[in-house]
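Peer 1: Spelled out, the chains give:
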Amino acid sequence: MTAASPPTAASAPAPAGRTGTLGLALRQFDYWLTVYRRTWKGSAVSSFVMPLLYLTAMGVGLGGFIDDPDAIERLGGLTYLEYIAPGLLAATVMQNAVFESTYPVMSGIKWNKVFVAMLNTPVVVPALLLANFGYIAFRMTTIAGVFIVVTAVFGLVPSVWAGLLGLLVAVLIGLAHATPVVALSGRLENDAGFAIVFRLGVMPMFLFSGAFFPVSQLPAVFEWLAYVTPLWHGVELTRMLTTGTLEAGMAAVHTGYLLLWLMTGWWLAIKTFSRRLVQ
Amino acid sequence: MVVSRFVPGRKRVGPGIESLTVTFGDRGALIRARGLVKRYGDFEAVRGIDLDVPSGEAFGFLGPNGAGKSSAMRMIACVSPTSSGELTVLGLDPLADGSAIRARIGVCPQEDQLDVELTVRENLTVYGRYFGLSRAECRSRADELLDFVQLTDKANAKVESLSGGMKRRLTIARSLINQPDLLLLDEPTTGLDPQARHLLWDKLFRLRQQGVTLVLTTHYMDEAEQLCDRLVVMNDGRIVAEGSPTALIAQYSTREVTELRFGVGHHEQLGGKVADLAERIEVLPDRLLLYTDDGERATSEVAARGLRPDSVLVRRSTLEDVFLRLTGRSLVD
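So the sequence lines, in the order shown, correspond to chains A and B. Per our numbering, the very first residue in the first sequence carries number 23; after that it's consecutive. Per our numbering, the very first residue in the second sequence carries number 1149; after that it's consecutive.
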């Protein structure tokens, strides 16, 4: 070809210079920054204030009413406030992570189609998902961070390490719920399914996965159902950290179970997104 | 009019020029397809098409809705895997190098897919980052492109507030942020008013002059005639004709068309009386079309036979005549 021929491969990257998934995910940083800038204020009450109101009403109000030596013994030596603080943390993270995995994801696929537009660029499905989960992890860090700092002020976090590990576990809980729900959002044709997710998934899990009372209080069937939920494992793991009752074996089981949800969800999300967006 | 300094698509010809030769070798075609097929389940949207689009060409896909144009475009854009057949884009295999190919193409999809909550400028800068451009580079290119598509005044407006034509121009500007070698436009002017269409055509024409290879789909014949060096007509997943607009008209139509309007209901019976005056006639409910190289002569012959049409129109043959001949007049969907 002569110099007169127009394009242009001159400055174009050769295929040899292929960017990896992580690199492609990082290119979406500015996009997610704009998303955070426009949503954090609107979600501040539900993310930061609501959990603390719950904590005050149930931990301080209800707790002060029911705490007696007998009750404390039945909660394994914990006041009700000490008991529900980690539970609320885990349940709040779950709730917010699921929300971030529903409507915003459907919007990217179907409404404003930002994800569709991204895939017209070098961005690939795993990189797109990685960036989205990175954003959700960041959101969970801020939500759990505020919660942990406030509860630490009230003496509910035994050490800095417990707080930092709690933050890490919160992110794990968030992602263990986010990946399968994102995968589901990649399949749904409209947002009607989300109502079912919240009514039959999030709400019952929030209430019955050991955040507010031991699941042994439930009828046997529901008790076992609670053990299957990733949230129960998240609640137990968080409680171990904040109450200083960490036990390696069970901690490994809880972590492993949450990771199992996370990885299965990740795998499914790649599948549903590829089928939906690259077809 | 202010002529933009920005020259999208034209890169500094320099050290990389060898790599151009290496990349394309002797193939010369930016897009090459052989027996390209796209299946969705049992449905075959594209049924084996062959294409060669050389660098610098403005190439069009014409066809009615459902002809397979968009499916073909999506395969070329590397967002839709081919079902069978061969396809290379920019000398690379979409399956193995989709991401690297997409780095060098610009896509203007049928729907705008803009982020309506961001400003006009942010839509460009955020998008530029996906190509690995630095923030500074994104900003400077965004400004040049806003100038190019005449949206500088709207730079800080939310996309929500833009008119359809402005959104379309912004989408085209966005597709140029990576200075693509190949620009894919899926129905670029559908739904726009004539002013907006002409403005867009002007922009696309400039890009073409600057050497950007354009591939577009359209079902506007005037658009195809204005913009395309060469085009294919698709129908039912296949290519039914291929050539330059003039060549297609020469091959599938005549130089001129005489349109005769008599009273409604008479056309069927009058058709036989004038059939020998043209190479081909077409009887429509509201008029008779005489395809001939000399429309005036046909008109006077009609008069000489004592026929008195209510109105007569002699016009040049257009791509629309070719299109309707090749794809039929019945509605597809």
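In case anyone wonders, no lab produced these hints; they're calculated from the structure. Check each hint, because a few of them may be wrong.
[Unchecked claim] Footprint (simulated), chain A over chain B, 3 or more residues, beta carbon under 8 Å: (1) 1361-1371; (2) 1458-1469.
[Stated by the list, open to error] Derived DSS-like pairs (lysine-lysine); straight-line CA-CA distance at most 30 Å: (3) A:Lys132 - B:Lys1421; (4) A:Lys293 - A:Lys63; (5) B:Lys1351 - A:Lys63; (6) A:Lys135 - B:Lys1306; (7) A:Lys293 - B:Lys1306; (8) B:Lys1421 - A:Lys135; (9) A:Lys293 - A:Lys132; (10) A:Lys135 - A:Lys63; (11) B:Lys1421 - B:Lys1351; (12) A:Lys132 - A:Lys63; (13) B:Lys1351 - B:Lys1302; (14) B:Lys1302 - A:Lys293; (15) A:Lys63 - B:Lys1306.
As the structure is a prediction and not an experimental result, all values here were calculated from the model. Glycine included, C-beta positions come from ideal geometry on N, C-alpha and C.
Peer 1: Given the hint that Lys132 (chain A) pairs with Lys1421 (chain B), test it: the Cα-Cα distance must not exceed 30 Å.
Peer 2: With Cα atoms ~57 Å apart, Lys132 (chain A) and Lys1421 (chain B) exceed 30 Å; violated.
Peer 1: Checking one constraint from the list: CA of Lys135 (chain A) to CA of Lys1306 (chain B), max 30 Å. Satisfied?
Peer 2: holds (17 Å)
Peer 1: When I compare C-beta atoms, does the stretch 1361-1371 of chain B have three or more residues closer than 8 Å to chain A?
Peer 2: Violated: only 1 residues of the stretch 1361-1371 of chain B have a Cβ under 8 Å from chain A.
Peer 1: Between Lys132 (chain A) and Lys63 (chain A), does the CA-CA distance stay at or below 30 Å?
Peer 2: Holds, because 24 Å separates the two Cα atoms, which is no more than 30 Å.
Peer 1: Starting from Lys293 (chain A), check that the Cα of Lys132 (chain A) is at most 30 Å away, please.
Peer 2: holds (17 Å)
Peer 1: Can the stretch 1458-1469 of chain B be counted as covered by chain A under the rule of three residues or more with Cβ-Cβ separation shorter than 8 Å?
Peer 2: Violated - the stretch 1458-1469 of chain B has 0 residues with a Cβ nearer than 8 Å to chain A, which falls short of three.
Peer 1: When you check the alpha-carbon spacing of Lys293 (chain A) and Lys1306 (chain B), does it fall within 30 Å?
Peer 2: violated (34 Å)
Peer 1: With a cut-off of 30 Å on the C-alpha distance, tell me whether Lys1421 (chain B) and Lys135 (chain A) pass.
Peer 2: violated (57 Å)
Peer 1: For the pair we were handed, Lys135 (chain A) and Lys63 (chain A), check the Cα-Cα distance against 30 Å.
Peer 2: holds (23 Å)
Peer 1: If you draw a straight line from the CA of Lys1351 (chain B) to the CA of Lys63 (chain A), is it 30 Å or shorter?
Peer 2: Between Lys1351 (chain B) and Lys63 (chain A) the Cα gap is close to 40 Å, so the pair fails against 30 Å, i.e. violated.
Peer 1: Going straight from one Cα to the other, do Lys1351 (chain B) and Lys1302 (chain B) come out at no more than 30 Å?
Peer 2: holds (18 Å)
Peer 1: For the pair we were handed, Lys1302 (chain B) and Lys293 (chain A), check the Cα-Cα distance against 30 Å.
Peer 2: violated (39 Å)
Violated hints, listed in ascending order, are 1, 2, 3, 4, 5, 7, 8, 11, 14; each of the other numbered hints is respected by the structure.
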